[in-house]
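*Asks:* Next come the chains, spelled out residue by residue.
There are 2 protein chains.
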Amino acid sequence: MPHKEQPDFQELLARGQEGDRRAVGRMISRVETNGVADHVMMRQLWAHTGRARVIGITGPPGAGKSTMTDRMVKYWRKKDYRIGVIAVDPSSPFTGGAILGDRVRMNDLALDTGVYIRSMSTRGQLGGLSLACSGAVSVLDACGYDPILIETVGVGQSEVAVMNVADLVLVVSVPGLGDDIQAIKAGILEIGDVFAVNKADLPGADRTARELQIMLGMNPDMNADPPPILMLSAEQNQGVDALCDSVENRFALMQDSNELMTRRNRRLEKELLAYIQDRLYKRVLAPVLIADPFANNIEAFRANERNPYTWAEGIMKKIEERTP
Amino acid sequence: MPHKEQPDFQELLARGQEGDRRAVGRMISRVETNGVADHVMMRQLWAHTGRARVIGITGPPGAGKSTMTDRMVKYWRKKDYRIGVIAVDPSSPFTGGAILGDRVRMNDLALDTGVYIRSMSTRGQLGGLSLACSGAVSVLDACGYDPILIETVGVGQSEVAVMNVADLVLVVSVPGLGDDIQAIKAGILEIGDVFAVNKADLPGADRTARELQIMLGMNPDMNADPPPILMLSAEQNQGVDALCDSVENRFALMQDSNELMTRRNRRLEKELLAYIQDRLYKRVLAPVLIADPFANNIEAFRANERNPYTWAEGIMKKIEERTP
Numbered sequence: 012m013p014h015k016e017q018p019d020f021q022e023l024l025a026r027g028q029e030g031d032r033r034a035v036g037r038m039i040s041r042v043e044t045n046g047v048a049d050h051v052m053m054r055q056l057w058a059h060t061g062r063a064r065v066i067g068i069t070g071p072p073g074a075g076k077s078t079m080t081d082r083m084v085k086y087w088r089k090k091d092y093r094i095g096v097i098a099v100d101p102s103s104p105f106t107g108g109a110i111l112g113d114r115v116r117m118n119d120l121a122l123d124t125g126v127y128i129r130s131m132s133t134r135g136q137l138g139g140l141s142l143a144c145s146g147a148v149s150v151l152d153a154c155g156y157d158p159i160l161i162e163t164v165g166v167g168q169s170e171v172a173v174m175n176v177a178d179l180v181l182v183v184s185v186p187g188l189g190d191d192i193q194a195i196k197a198g199i200l201e202i203g204d205v206f207a208v209n210k211a212d213l214p215g216a217d218r219t220a221r222e223l224q225i226m227l228g229m230n231p232d233m234n235a236d237p238p239p240i241l242m243l244s245a246e247q248n249q250g251v252d253a254l255c256d257s258v259e260n261r262f263a264l265m266q267d268s269n270e271l272m273t274r275r276n277r278r279l280e281k282e283l284l285a286y287i288q289d290r291l292y293k294r295v296l297a298p299v300l301i302a303d304p305f306a307n308n309i310e311a312f313r314a315n316e317r318n319p320y321t322w323a324e325g326i327m328k329k330i331e332e333r334t335p
Numbered sequence: 012m013p014h015k016e017q018p019d020f021q022e023l024l025a026r027g028q029e030g031d032r033r034a035v036g037r038m039i040s041r042v043e044t045n046g047v048a049d050h051v052m053m054r055q056l057w058a059h060t061g062r063a064r065v066i067g068i069t070g071p072p073g074a075g076k077s078t079m080t081d082r083m084v085k086y087w088r089k090k091d092y093r094i095g096v097i098a099v100d101p102s103s104p105f106t107g108g109a110i111l112g113d114r115v116r117m118n119d120l121a122l123d124t125g126v127y128i129r130s131m132s133t134r135g136q137l138g139g140l141s142l143a144c145s146g147a148v149s150v151l152d153a154c155g156y157d158p159i160l161i162e163t164v165g166v167g168q169s170e171v172a173v174m175n176v177a178d179l180v181l182v183v184s185v186p187g188l189g190d191d192i193q194a195i196k197a198g199i200l201e202i203g204d205v206f207a208v209n210k211a212d213l214p215g216a217d218r219t220a221r222e223l224q225i226m227l228g229m230n231p232d233m234n235a236d237p238p239p240i241l242m243l244s245a246e247q248n249q250g251v252d253a254l255c256d257s258v259e260n261r262f263a264l265m266q267d268s269n270e271l272m273t274r275r276n277r278r279l280e281k282e283l284l285a286y287i288q289d290r291l292y293k294r295v296l297a298p299v300l301i302a303d304p305f306a307n308n309i310e311a312f313r314a315n316e317r318n319p320y321t322w323a324e325g326i327m328k329k330i331e332e333r334t335p
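So the protein lines, in turn, are chains A and B.
Counting with the working numbering, you get residues 12 to 335 for the letters of the first sequence.
Counting with the working numbering, you get residues 12 to 335 for the letters of the second sequence.
Here chain A stands alone, though its shape is the one from the complex (with noise of 0.2 Å):
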């Protein structure tokens, strides 16, 4: 469909800019509802974008996310950085319960106007989320709060995904939750940046760092200098102040390598082709599906009388015709 001008929304990015969060919650709607596909609106926020530094906050479930993110987001605050925090709830309609409780705890911060707290779920729409995740960071971007946190709640697919949108991922771990590194591993391990072993002060919480250390190590892919692992309590708030630090020192080293910069393209770059691929199917490959459906065919399919790869073969045969 054709993008009409919204009138409004110079305006809203105005008074988000100036802190005005039910601004911001209206443009993250309009973000949720068309995505990038909501052209103006993106073209409108570029401009204002590039300066928040994004942190994906992730591991497996109980290890104490939520409680970090919230002790973070308040360490943070006594240096009056405006903060933007985005929690990201994959797919499960059975999750619904766990990531209200986990807000709950946040209800003070929900009183700090320097801070904005959005919840996000989707129905496994995995592009779909990180897409529209990835459109509220540029909205919380353009309006100045930096850094702006993407908490994922439990371990799923939409997980590496979603971290795709943070320039830096924090991978968090804990003791004693037994096959857990184990469950950490399946492509999160590889993303993580920063590692945190939380409730450092459980039994056994040196042999999950040392595991982590190990596998890191045990990395093939893994750059010169190894991310650093750090030992924490949310709970008793130890090791928070330890653990932003070197998540901003983290960011400073990745400016100065240029890797920062080169992790922002490639994502924009994702970003872009998903969407011309998705307008692609929409305006060259759907018309011409209309006039041979899959659905007519699957009969012919089933009875062997007609090849469905002959058919894929066809449909794109016909697209090429079109396209010299």
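Watch out, some of these pointers could steer you wrong.
[Stated by the list, open to error] Here are the computed lysine-lysine pairs in the DSSO-like style, where the Cα-Cα straight-line distance is at most 30 Å:
1) A/Lys281 with B/Lys89
2) A/Lys328 with A/Lys293
3) B/Lys329 with B/Lys281
4) B/Lys328 with A/Lys281
5) B/Lys89 with A/Lys329
6) A/Lys329 with B/Lys293
7) A/Lys329 with A/Lys281
8) B/Lys293 with B/Lys329
Hints listed in this document are in silico derivations from the structure and should not be mistaken for laboratory results.
Model, not experiment: these values are computed from the prediction.
Position chain B against the provided structure of chain A, taking the given hints into account.
*Replies:* Only chain B this time, still in chain A's reference frame:
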């Protein structure tokens, strides 16, 4: 690229159907490299597929999936089924060791010519993994293996994508892994058709089963008859027969209700569309991008001399001009 005829494929297929496992392996390797892009091959396979019952086995690490798979295969072998096993290791270089360990336990099965075991791994290429897996299933199906078990290792992003390749999903849990019920929530619980509580001899097994029952009751999307929850101890080979029978019964029900065909058709459509979109990218989008690549614009984007979303619009316009 054009798909050259592969003269020896028909011969490989014939040999695979006679039980030559080396021929089966060669065909799967070809699918793994080419995916559905190897159209000639997929076309040739099609007429021979659609008989195998494809079972996905998933659950948190430490749930004993491999042992369970091992026992199930042995039980079904008594019924003279020819069985295919695909062990999927999602992405991480870290899990390399684990899966070898798992496979060792299956060594005695490897000697059984009525069983074909294949390990699959990837470096985070989600679509790639499920496509390769789906191709391997087609090969095994065409060679007369039924059932085909797809076992995933660990909890990760690939989990749900891979499970989409299966007709029926078996979700395994165990007592005492603390937050694991939590851990399997995200995306997995929704797709479970049969649930197993393994290590049922451990304390807390009943509680785990109850928790599952409650959460399945909470699922609004769940259809009228809830999925069965079975207790077993794979290690002690207790309850495995009941689990296998229950899985077979479930398949019978799905066949009667036509649910099985509905799922297979949905899967086929998704697979074909993924293939078409991949081709669309290569044949339609790529040429346009070459003329005005993202990389050449990034500095102008960052300097706010050019707007990335305007660039994306431009790319789309160029494509649409070429497609009346």
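*Asks:* Does each hint fit the structure? Answer for all of them.
*Replies:* Now the hints, each set against the structure:
1. A distance of roughly 50 Å separates the Cα atoms of A/Lys281 and B/Lys89; the hinted pair therefore is violated under the 30 Å criterion.
2. As the CA atoms of A/Lys328 and A/Lys293 are separated by approximately 17 Å, the hinted pair is consistent with the 30 Å bound.
3. Between B/Lys329 and B/Lys281 the CA atoms are separated by roughly 28 Å; this keeps the pair inside 30 Å, and the hint holds.
4. Under the criterion of a C-alpha separation no larger than 30 Å, the hint pairing B/Lys328 with A/Lys281 is consistent with the structure, at around 19 Å.
5. Straight-line distance between C-alpha atoms of B/Lys89 and A/Lys329 comes to about 51 Å, which puts the hinted pair past the 30 Å bound.
6. With a C-alpha separation of about 15 Å, the suggested pair A/Lys329 and B/Lys293 falls inside the 30 Å cut-off, and the hint holds.
7. Between A/Lys329 and A/Lys281 the CA atoms are separated by roughly 27 Å; this keeps the pair inside 30 Å, and the hint holds.
8. Between B/Lys293 and B/Lys329 the alpha-carbon distance is near 15 Å, which keeps this suggested pair within the 30 Å criterion.
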